[in-house]
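Keeping the supplied structure of chain A fixed, place chain B upon it in accordance with the hints.
Residues per chain are reported as follows:
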Amino acid sequence: MRAKIFAAVTLCALLLGRGAHAGPTETFGYGSRSTAMGGAVSADASDVSANYYNPAGLAAAKGLTFEAGYLRTIYGLKMNGRDNFVDPMRGITFGLVAPGAVGPVPFAFGVGLHLPDDRVFRVRSLDQEQPRWEMYDNRPQRLFMSANLALKPFHWLEIGGGLVFLAATRARLDITGQFQVSNPKESELRHEVDADLTSIRYPQFGMRVHASDKLRFAAVYRGEFQLTLDISARLDVQANALGLSVPLLTYITTNSVNAFLPRQAVLGTSFDPTSALTLDFDVTWINWAAYKSPVTAVNATTQFNPPEGFPPSLVPEKPAPTVVIPPKFRDRLVPRFGVEGRLPLGRGHAFAIRGGYFFESSPIPPQTGGTNFVDADRHGISAGLGVRLHDLTAEIPGDVKLDVHAMYSYLPERLTQKASAANPIGDYRAGGTIWSLGFTTGLVFR
Amino acid sequence: MGMTSAASAEGYEAIYGNPGLLAESRKKALTLGVGIARHALIANTDQASLTLPTDEMKTIYIGAALPIPFGGALRDRVTFGVGFLNPVKFLVRGKILYPERYQYPVVAPRVQSIAVTMGIGARITDRIYLGAGFEALAAVVGEILISLDATGRIGSRTDDQVIAAYAPIASVAVDAHPRWRLGLTYRGELVGRFALTIRAQDLGIPLPDFNVAGIAQYIPHQLALEARWSSVDGNGALPANRHGTRIAGGLLYRMWSRYPGPNEPTVLANTDFGTGSPPIDAHDTISPRVGVEHGIPLSAVAGFRLRGGYALEPTPLPPQTGKENFLDSTRHVVTGGLGVVGDDSLPFQLDVFAQLHVLQNRLHEKKEGGCSAGTCPSVTSGGTITVVGITAGVRF
Chain A
1 MRAKIFAAVT LCALLLGRGA HAGPTETFGY GSRSTAMGGA VSADASDVSA
51 NYYNPAGLAA AKGLTFEAGY LRTIYGLKMN GRDNFVDPMR GITFGLVAPG
101 AVGPVPFAFG VGLHLPDDRV FRVRSLDQEQ PRWEMYDNRP QRLFMSANLA
151 LKPFHWLEIG GGLVFLAATR ARLDITGQFQ VSNPKESELR HEVDADLTSI
201 RYPQFGMRVH ASDKLRFAAV YRGEFQLTLD ISARLDVQAN ALGLSVPLLT
251 YITTNSVNAF LPRQAVLGTS FDPTSALTLD FDVTWINWAA YKSPVTAVNA
301 TTQFNPPEGF PPSLVPEKPA PTVVIPPKFR DRLVPRFGVE GRLPLGRGHA
351 FAIRGGYFFE SSPIPPQTGG TNFVDADRHG ISAGLGVRLH DLTAEIPGDV
401 KLDVHAMYSY LPERLTQKAS AANPIGDYRA GGTIWSLGFT TGLVFR
Chain B
1 MGMTSAASAE GYEAIYGNPG LLAESRKKAL TLGVGIARHA LIANTDQASL
51 TLPTDEMKTI YIGAALPIPF GGALRDRVTF GVGFLNPVKF LVRGKILYPE
101 RYQYPVVAPR VQSIAVTMGI GARITDRIYL GAGFEALAAV VGEILISLDA
151 TGRIGSRTDD QVIAAYAPIA SVAVDAHPRW RLGLTYRGEL VGRFALTIRA
201 QDLGIPLPDF NVAGIAQYIP HQLALEARWS SVDGNGALPA NRHGTRIAGG
251 LLYRMWSRYP GPNEPTVLAN TDFGTGSPPI DAHDTISPRV GVEHGIPLSA
301 VAGFRLRGGY ALEPTPLPPQ TGKENFLDST RHVVTGGLGV VGDDSLPFQL
351 DVFAQLHVLQ NRLHEKKEGG CSAGTCPSVT SGGTITVVGI TAGVRF
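Chains as they are written, first to last, in the numbering used here: chain A, 1 to 446; chain B, 1 to 396.
Where hints are given, some of them may not hold.
Claimed, not checked - Calculated cross-link-like contacts (lysine to aspartate or glutamate; reagent style EDC-like; alpha-carbon spacing at most 16 Å): (1) Lys27(B) <-> Asp343(B); (2) Lys292(A) <-> Glu224(A); (3) Lys185(A) <-> Asp55(B); (4) Lys78(A) <-> Asp391(A); (5) Lys89(B) <-> Asp55(B); (6) Lys78(A) <-> Glu413(A); (7) Lys89(B) <-> Asp194(A); (8) Lys185(A) <-> Asp343(B).
Said to hold, decoys possible - Sample of chain A residues lacking proximity to chain B, with all beta carbon distances greater than 10 Å (derived): (9) Tyr70; (10) Phe85; (11) Arg90; (12) Tyr202; (13) Leu229; (14) Tyr251; (15) Asn287; (16) Glu395; (17) Val400; (18) Arg414.
Hint data in this document are derived by calculation from the structure and do not stem from the laboratory. Cβ coordinates follow ideal geometry from the N, Cα and C atoms, glycine included.
With the rest of the complex left out, here is chain A:
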């Protein structure tokens, strides 16, 4: 029976076969407890944050759990001492874990959500030469939503995997009608759209091994992910000017990749030297070398045969297409450390204090040429507090918890020197700080 259930649920997870990782959670964490511990929780998380850090941990949830919270970042990223006013990231977090058992096998279902205040996600691309904070400008501006399954086939093993909902955009546009060259606003045009938000799915699998009551190990794999925006437009109109009517046919295609997240592999451990103390360590390999340029490749072709007498100044030009320069990012290893001390307050209540640190070396090579992907190494220092109140009222048989966290990121200034003195952007220094503040409150029914 146990083997059948194991096989069935594993098959179910494999069929779903798709996991979740995401810009906002990768950069600023998910859940106040885990974020306060530097995100080093792949072997430790069994709350809602396990939906991101390691879905296997859901199988160890203590009871039906609901969590909600809010996250806000404050950027102080500068170039040459001037603030770049990077869009702040802010949004609500919500999640649940529903543990139970299928026959004798502990089983859990989890949902995790980070929803930005202003949008589900954004695809944004800029001119190739325009400086932008590649890791922070747009990448965190998107939804993280995953649904996960986990089970505990043996007392020492938990495994899990999940499903995410995100989309790439493909659109075909067609515009026809009468185009008034001398007064474009009086043009009588109509359009047709065939657009798809195509489902993107990428795998995430995790496992956690309990070597003893005090020592746990974890391994997590997250697949590659990218948002693409491919638009092809056809303008098929009659251009009217000076009493002449001439067919004008233009094709424009734009192709861009945004919010690229590379493959990741995480190894982690969690150790409880005492019942009041937990030490966590993770190391993450991130395949940034596969990064694809977010610059939009644009191509435009026009068929226009002006009759005699048509003003040459109104004949459209034929511009050259974009040449996208490969970004040539490098892989990196990210070490993360976390610690949590717990203080019992009696009657099941408890107080916790947490801290964490991580270091992210920049994967972006020196920008000596035409691109300006601005970045710097990042030291992340985090801290947090938590309180857990047990059996507070008869209506809530379990815990009410509140966690708060703050993360300070320091990006030491990095000098970019251009190979050519004629480069229009020139040399620059870039660095700064990022504050991330948040809270998570939840109910854990036991």
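Same frame as chain A, now just chain B:
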């Protein structure tokens, strides 16, 4: 069950049908499933018979009903539910066609969009259930600026956002008698809009801003009123190990008169021209529906379910007498399904279902201006839509 739900929904399906009835779920339940829809919609003229090309749509269902284990006065009263209906290939497909192209704006888009629903149901008294929730749909807004860069090459700046559109769901169910239940559900309007502004500069010709926009998905305000009778006392689900029958019937009102049609003007500044077409002029509809479920015990711990139903879906669109071809016909929907369900000692459920939508043949005689001779012939709409699916659930 004939797409009845306001008084008869069970499990996670109650999130949409009547979230108040979520409160009947007293064990955590997770359901996974898949459905396939095939459209065979016609546009026949005197000159040609045409079946519109439509992709087969595969859809994944994921749903969970999670009773919240409150204690005290709230014990066994509140259940949370979440559901995802996710087309395999797309989150959203938006086809906004020229009005003269043959298209079915009412039925075609509805299976081509992800639907996310969340709800909570509460048993207020032993006979009254209240529920609330929301349904979410994706919409796209954005801007593309095309211009020449410093080197004279064409480049663009893109800012494309997917935003969420939300619609509330509110419901009440009342057990008027141990065998009779009444349900009332309201679902708000949901608009999935595609809106892209394209600006082109420095291309040597002065182009207007192109407002490439339209409504790709539209779900009108809805109000469902339904009654359900059960042959077994107690208005919950039929016991797995007993014979029993449930019959549900009701009306679904849809406020299609607010539907603005799929098209929007390309050049916003030219208000005189607009979309180049008259308003779509849809009208409200009332859809009657009826369903029946019969339970047969298979053993002491499992039972068999046989379901069937019928719904009449009047068309909200007027005959297309101009050059436009927003086609639709009144639909007859016949449904059927089978299921196997276990009791708490065998906490599994397996269901299969099928729907056949038959669109009445409807002649759209072209009478009005805008059609030069032979360019827009009278057309007959009709056809079928078939949907089959399977869901498997576990209670834990």
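Evaluated hints:
no.: 1; hint: Lys27(B) <-> Asp343(B); verdict: 11 Å, holds
no.: 2; hint: Lys292(A) <-> Glu224(A); verdict: 11 Å, holds
no.: 3; hint: Lys185(A) <-> Asp55(B); verdict: 38 Å, violated
no.: 4; hint: Lys78(A) <-> Asp391(A); verdict: 48 Å, violated
no.: 5; hint: Lys89(B) <-> Asp55(B); verdict: 10 Å, holds
no.: 6; hint: Lys78(A) <-> Glu413(A); verdict: 9 Å, holds
no.: 7; hint: Lys89(B) <-> Asp194(A); verdict: 15 Å, holds
no.: 8; hint: Lys185(A) <-> Asp343(B); verdict: 68 Å, violated
no.: 9; hint: Tyr70; verdict: 17 Å, holds
no.: 10; hint: Phe85; verdict: 16 Å, holds
no.: 11; hint: Arg90; verdict: 15 Å, holds
no.: 12; hint: Tyr202; verdict: 14 Å, holds
no.: 13; hint: Leu229; verdict: 5 Å, violated
no.: 14; hint: Tyr251; verdict: 12 Å, holds
no.: 15; hint: Asn287; verdict: 25 Å, holds
no.: 16; hint: Glu395; verdict: 4 Å, violated
no.: 17; hint: Val400; verdict: 12 Å, holds
no.: 18; hint: Arg414; verdict: 24 Å, holds
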